[in-house]
Amino acid sequence: DAMVIQNPRYQVTQFGKPVTLSCSQTLNHNVMYWYQQKSSQAPKLLFHYYDKDFNNEADTPDNFQSRRPNTSFCFLDIRSPGLGDAAMYLCATSRDGRGGIDEQFFGPGTRLTVL
Amino acid sequence: KNQVEQSPQSLIILEGKNCTLQCNYTVSPFSNLRWYKQDTGRGPVSLTIMTFSENTKSNGRYTATLDADTKQSSLHITASQLSDSASYICVVSFGGGFKTIFGAGTRLFVKA
Numbered sequence: 511d512a513m514v515i516q517n518p519r520y521q522v523t524q525f526g527k528p529v530t531l532s533c534s535q536t537l538n539h540n541v542m543y544w545y546q547q548k549s550s551q552a553p554k555l556l557f558h559y560y561d562k563d564f565n566n567e568a569d570t571p572d573n574f575q576s577r578r579p580n581t582s583f584c585f586l587d588i589r590s591p592g593l594g595d596a597a598m599y600l601c602a603t604s605r606d607g608r609g610g611i612d613e614q615f616f617g618p619g620t621r622l623t624v625l
Numbered sequence: 020k021n022q023v024e025q026s027p028q029s030l031i032i033l034e035g036k037n038c039t040l041q042c043n044y045t046v047s048p049f050s051n052l053r054w055y056k057q058d059t060g061r062g063p064v065s066l067t068i069m070t071f072s073e074n075t076k077s078n079g080r081y082t083a084t085l086d087a088d089t090k091q092s093s094l095h096i097t098a099s100q101l102s103d104s105a106s107y108i109c110v111v112s113f114g115g116g117f118k119t120i121f122g123a124g125t126r127l128f129v130k131a
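From first to last, the protein sequence lines stand for chains A and B. Here the numbering used here is used: position 4 in the first sequence is 514, and no number is missing along the way. Here the numbering used here is used: position 89 in the second sequence is 108, and no number is missing along the way.
So here's chain A without its partners, still in its complex pose (with noise of 0.2 Å):
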């Protein structure tokens, strides 16, 4: 019963060259995040949509996009990834967003390494 799932697992990328990660729920939930962690550190969130409405945090590098093609499926572009994105970049989604409860479920994360 897998609810948030991200793929890969584990992501290899060299220096420079672009690298895609995807998230996709099968919660239907309006709300998709992505979260970058490094090590021993908060999650830092780069970036959330409300449904198609794309919500980017101020302090996001321009080298993160994103992309949100459907309901379900997310997309974390890098497009020059440097050492220092190296991180475990995590994906959430939650149902509304707004109000005073509103759960995010996590997936599992994609641990990138940048070569």
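No false leads were mixed into what you were given.
Quick partial rundown of chain B residues pointing at chain A, CB under 7 Å, derived from the structure: (1) ARG61; (2) GLY62; (3) PRO63; (4) SER65; (5) ILE68; (6) PHE121; (7) ALA123.
Hints listed in this document are in silico derivations from the structure and should not be mistaken for laboratory results. Even glycine gets a Cβ: it sits at the ideal position worked out from N, Cα and C.
Once you've looked at the hints, dock chain B against the given chain A.
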């Protein structure tokens, strides 16, 4: 400034013992507070979620408390097991919307 601070940064306990993790926050307006468990190399898994009006919530051996007046929360783990070894992250949502702040987490090690 909106902040979430967790303590201790790390904790080592013996299997079978209890422990309490702390989370202090300064956000406004408060929406909800969540505790997540994150195993190494995995995504966070929700343990509890509490709104302003709730001051305690349990999930098995995990009990979270919330004091909205002092802006403090704690996560109490009873009769710890080796599988409890993980990072425990406090997440506070505010602003009535998508704004959330993650604490840095407490790394718990349970030893046999």
